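Trainee: Chains as they are written, first to last, in our numbering: chain A, 4 to 346; chain B, 43 to 416; chain C, 124 to 450; chain D, 759 to 1244.
Treat the hints with caution; some may be incorrect.
[What the hints assert, rightly or not] Residues from chain B that face chain C, not an exhaustive set, calculated with beta carbons under 10 Å: (1) Thr151; (2) Asn218; (3) Gln244.
[Claimed, not checked] Derived coverage of chain A by chain C (criterion: at least 3 residues anywhere in the stretch with Cβ under 8 Å from a Cβ of chain C; other residues may be distant): (4) 19-32; (5) 251-265; (6) 273-287.
[As the list claims (entries may be wrong)] Below 25 Å or equal to it, Euclidean Cα-Cα: the simulated DSS-like pairs (lysine-lysine) are: (7) C:Lys253 to B:Lys275; (8) C:Lys253 to B:Lys278; (9) B:Lys113 to A:Lys39; (10) B:Lys323 to B:Lys113; (11) D:Lys1224 to D:Lys1243; (12) B:Lys92 to A:Lys39; (13) B:Lys113 to B:Lys278.
These aren't lab readings, by the way, just hints derived from the structure by calculation. In this text, all values refer to a predicted model and were calculated from it rather than measured experimentally. Glycine included, each C-beta is placed from N, C-alpha and C at the ideal position.
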Amino acid sequence: MALETALTLTVVLGFTTLVLLLAGAPPLESYRQIVKGSLGSWGKVTHVIKVWIPLTLAACGLLYTFRIGLWNIGVEGQVMVGAVLTTYVLRTGSDGQHGQYLLAAALLAGMAGGALWAVMAGYLKTRGGVHEIFAGLGLNFVAQGLVLWLIFGPWKQPGIASMSGTETFAEHLWMPYLEGLRISPAALGMTLTSVVLTAYMLRATRFGLYLKAIGSNEKAAFLFGLRPQATMILAMVCAGGFAGLAGSFQVAGVYHRLIPAISSGYGYLALLVVMLSGFSVWVSPLVAFFFACLNVGSIQLPMVLQLDSSLSGVIQGTLVMAALAMHAMRARSRKGGGPDAGG
Amino acid sequence: GTARAAAKPYTFGLLLVGPYNDRGYSQAHYEGGQYVEKTVPGARMIYIDKVNPADRPGITIPQLVDDMVEKGARLVIANSDDMKDGIREAARQHPDIHFVHVSGDDVLTGKAPKNLVNTFGRMEYGKMMAGFVAALTTRTGKIGYLGPLINEETRRLAGSAYLGARYAWEKVLKKNPKDLTFQVTWIGFWFNIPGVTADPTQVAQNFYNTGFDVVISGIDTTEAVTVAKQKAKEGKQAWAIPYDYVGACEGGSSVCLGVPYFNWGPGYSGLVKKSMTGPWKSEWTWLGPDWQDINNHRTTNVGFMEGDALAPGVKKELKTFIRDLGSKKVQLFKGPLRYQDGTVFLREGEVATDKQVWYMPKLLEGMQGAGSAK
Amino acid sequence: MQGVDITILLAGIVAGAAPILLATLGETITEKAGIINLSLDGTIILSAMAAFAAAVTTGSLLAGFAAGAAVGASIAAAVALFSLRLGLSQVAVGFVLTLMTKDLAYFLGTSYARMEGPLAGPMPVPVLSKIPFLGPVLFSHSLPVTFSMVMILASWWYLYRTPSGLKIRCVGENPDGAYARGIDPDRVQLFYAVAGGLLVGVAGAAFSLCVKPGWGQPQGCEGSGWIALALVIFGGWHPVKAAVGAYLFSFLQVMSIYLQAWWPDVPAQVFQVAPFPLMIFILVLISVAQRETVMRAARNHPALRAIIQTLSGKAPAALGRQKKGTG
Amino acid sequence: MNVELIDIHKHFGSVRANSGIDLKILPGTIHGILGENGAGKSTLMKVLAGFIPKTRGTILLDGSEVGYSSPEGALRHGIGMLYQDPLDFPPLSVLENFMAGQVRGATMGTEVHRARLLELCTGLGFKLDPDVPAGRLTVGERQQLELARLLSSGARVLILDEPTTGISGLQKEVLFSALKSIARGGRSIVLVSHKLEDIEALCDEITVLREGIVTGTMERPFSTQALLSMMFGSEPSPAIRSGHEPGAQALYLDNVSAPGGRAGLAECTVHVSRGEVIGLAGLEGSGQEVFLRIAAGLIRPHRGRVHVGRRDMTGRGYHAFQSLGVAFQPASRLEEGLIRGLTVTEHCALGEGGGQFMVQWDTAEQDARDKIRKFQVAGTPDSPVESLSGGNQQRLLLAFLPEEPELLLLENPTRGLDLESVHWVWDHLDAHASRGAAIVFSSSELDEILMVADRVLVFFDGHIIKDERPEDTDALALGRAIAGKM
Ligand SMILES: Nc1ncnc2c1ncn2[C@@H]1O[C@H](COP(=O)(O)OP(=O)(O)OP(=O)(O)O)[C@@H](O)[C@H]1O
Ligand SMILES: Nc1ncnc2c1ncn2[C@@H]1O[C@H](COP(=O)(O)OP(=O)(O)OP(=O)(O)O)[C@@H](O)[C@H]1O
Ligand SMILES: [Mg+2]
Ligand SMILES: [Mg+2]
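Start from the sequences, fold in the hints, and give me the full structure.
Mentor: Here it is as structure tokens:
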């Protein structure tokens, strides 16, 4: 295991360094900048946490669907729809009255939105026989379209038709900050809770056991008296709920408005997070934190080294590929056949 | 080099909405910053480009400002309209740092904190010249305007281009304004974001495919020129007028009529000096061209660089036009002017105030295309 | 529609569809052999970058297209090998590669952003381009566009009219059956995954050297890979039907700009998004059509049968099937 | 061509499918391979056809050793095989299926092949439309297609694995006459089957396999008696049965038909009373699986009605059947029975406490211990089920049967168990029976059926061709029935 990890990291460092050299960049300095830019100061760390929150939430959701063997690629759209419903609720609260209640309602709406979007994909699979990947993908683009249409049309800023987003909410509708480090303790708390809750659900409840059973052998689980299809729908609901919450935080906690890129690709990134974590509840948050560091730290590349910050994505992708490959080889050597990324 | 060595370094930060090398709006700002580094002793620029949620998902303006301040920036310049909220938030969080929001109007609206300045260039004139040469060049009498998103600024600029075109059409060519088609098509943002905005390449192609032979670009990137070149290769008559950046015509020489551009060097060095020495006070400034020589990069704030495709005759007319604009002999924002919907903008003989021009609420009579998103 | 010349409009649609069409055909071939290459979106972007970079540095369009093709081929090879040799899920690998190659393109491509690059100009087909109407619409395009049209028939002919095509379809349907007939499924799958990837790479090059000339972030071809994947399904894994889908999509795109002028209240996003609900609908149709009850119903309703048959094509039975650790 | 197999071994991990088989096939003859399920017939044939590599052994063609390692190689030596489960391409047209693997190079020569196909078909008396998708053909027609293909690709030795299962009597006639004419043409044919009558009707020589070894060969005239004992081993031990008193109706299938398996199930009407133990005999895929799955609500019959107890349960789902105390136990342990990756404890947890939200891990583990002790499973509560041996997995499956079932439906409940465990298992099941539960089980061991069943149903090609009390029959009679001879 340790050996495998070491090998993986070597491969990744090797590849990334090669890429950097290809781009004519100083590898060591680049790595140093990324580390400095993500962990160099408290301010930086708070930014990392800001990214970590939605990433971890989405990952939590994905753990349910991967556990039952579903490839919930639609998580991206679930984040968006969560954001949309949150925006919808918050838009009603222009008058300065009882912001907290409205915020609470907005978060619930967000979760509901995500869940709704997930259930659509779920039923397309169980009833419509559409593979969840294509159902999810399709719905992602539909969700993106919905967001754009709202921003460009019904929710546009007065007199302005710009993709820069809807009008910013009044401050009493922002999730309250800690002064100094600008992150919402509520969001942070809820995210940590979500991780614990997910761990609990998967480990201690019958539902978690059912997910594992159906994911491992649907036929047998069915014969044991479980209801694979209904359980799949439930798993999707959970995934969508967490993804939706991530979307809510993006709106109510980070941007304070709806923007076209509201999901920031965190849904897709979360898929990588969970894969790299080997589908583990406890490892996922750590991987998410690492990925968040890469995302935030890589901003230094253009600022200091005139490099493109997309290097972070390259590193993340390479990591997952290498990890998958190593895992497969190990399985091979143990004559175990190919591991299936939950699919 | 020597200058920098002399004085103690003074760092200013630049937030660019697009790529620093977009050969458009952002590059103009970027080179303005470089001009400051060259001319103002001790001035040092740090910049971050592609500051928009599509290119940098999850990154917020205040976050970037924090970073720049950490790197020692004393003055931060944000160059795009849609950074308005972010930069205001950042200015509040760093009261002791100086902020400039280019193209913004927080000072006018009174939302601006004390350390925030608004500035912009009077691009109206550049656009008028663009419209002017477009009208004198078009064979079909159909001019396309590749618009970004719809707001006061973009309406103002599109309107100016139209006024320039109509003046040339009416007063120079002595033709009936009714026969001049001026179509505005908006893509939804300052540059192409696939799947988010309409695709400017497609829009430009459609212009040329539907009988428009001159396209004036209102967006930050140079699709119009590229497509025009394509069409020229196919043996069509096609011309384009890019925007923002003095070098935007390079490589498109065969089809480029010229480019109205920002020259941020002088304006920026003024701001940086002011920030170094103080006093720094919240103000709204609108910087015009140097009418002696609108292409003097040491003095002018906006200019119009003629392109190789510009016919000699048209060049001559343009000179006169510029002279008359400078001498106020020609005033295009002067009544009678009506809006698209027929309502009155300026009464007979009335000359628009800066604010009237700045806050143009609708497109002008005679222009086609959406005037404000329904 | 004032001033819209129908020939020019159609020519525009044909030209605009070229890259997506190429990618769709490539993926159709790959999937016919039973491999699903989900990495299209990233592949197209990376090959667009590589093509542009190569073309700029060498100044030769040919080198550009070669580079694009090479990139497309190698990514496809990666997907195939990870699945065939290591038994990894093609979907997982493809998905990761999608994200990674895209970022790789942006990272390596910065230095080429918005440079002046060579541009594949129009190259009318000698005689045919003189034909009224058809000439300008079909035969007056640049080489890549003409190539894309040729490829429709070529790939159809190859799949359905040559022994190799038969081989592909056999492997995609039932690798064991193919093996029993002396065909090596792994080799066929690897080979045609690469061949398909090659076309996808050319599609990327067609973007940056012809249809949306130039490189930058964004290039403008982002998302087209997913569209191509959707179109493969829309076309029921049949190259000609898929081509129809590609042109339909291009038509929608062009139209959306006119429609902005005509009825501005119809949100442009409708056209952006249209292909995806369509894809889902087709997929539902396919699976419904497979239900016994429907089949029985269709048997005695020729009309219903006709509809189902034209709209729904069956996926190759072995598509994306995971290779277990066979020792 | 003269084919000779010498000392062929084929091992799948621990499974010894073939251990030291010798076989001689003369040109122009039809050679029958006979044997019960799992005897190793298909494996041997796949080795001969190059589809799977042999572990050890020699293959001589016309006296000279050959070392091919793929079907292609085998075909080049003129050996072609028609596989037990058809390896063809349903969506492709008949003609394309015919050409697949035959056409190489640049051109298809479609018309040539069409002519070739039609010519072969008329020669063999087949009627195939070259242009319909192969998926639309019946099993018989698909075999005809394969046969034609093999001939046209130059096979001089034809191997047919179970060609007669699931095809109509008429098609059988056609097939047999075709095979005869092929043999007369000088080619050799190897016919693998369970079915005595087919083999006897057709073959010149018969080799019988059992548990991976040759138990005998025989030339015409054949003695059914001898063949049966070679197939099923020694004379079975006399029956020792508990003999239960039939009670009220537990299960009633009223003229039920359904697809599935190799042969499906046709017009089957059966009464099962409480307390009865019913054994289903028959070769794999003769209909008994379908029967059990219909009774469990897993397959919904096309025609006919299903009653559990007095209830009409036609068209209800498995879960509804379960709630009436119906318990089904599949034969394929790790495919349907147990869940790979879950531990014994987790399996126990799955079973119990349906209502609660939480898993009672402690009780589950305790339960696991009890079951492991009670059913003598060699394993611990937290050992993953796939780590258990086949026999222990079987015991575990039994352990997961509900406490007080009304109707037990068991597929090969004692497969992989040694004799005393078999007795032990049946003592356990008997307890259920005497409590009044009805037990219906299938088994490939005739001895077992005769030993414990109160009634025997023999399935053949989807029909119940025998329904008798064990005392009125014996292993030989059952063997004949299983092989389709009445
Ligand atoms: N593994 C399986 N083996 C056999 N049949 C199955 C299997 N899985 C599902 N089915 C069939 O599909 C139907 C739906 O299965 P499932 O129990 O998952 O649906 P559900 O939604 O959970 O149940 P319900 O719809 O009653 O809530 C079942 O009634 C069963 O007939
Ligand atoms: N691929 C395989 N992996 C593991 N075991 C196998 C495999 N194929 C066959 N076996 C085992 O080898 C033994 C012989 O199998 P084989 O299919 O040859 O029997 P058979 O005589 O053809 O039976 P049937 O009459 O049911 O076809 C069986 O125990 C079977 O489980
Ligand atoms: Mg259900
Ligand atoms: Mg067999």
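Trainee: Tell me, in ascending order, the numbers of any earlier hints that this structure violates.
Mentor: Going through the list in order, the structure violates hints 1, 2, 5, 13 and respects the others.
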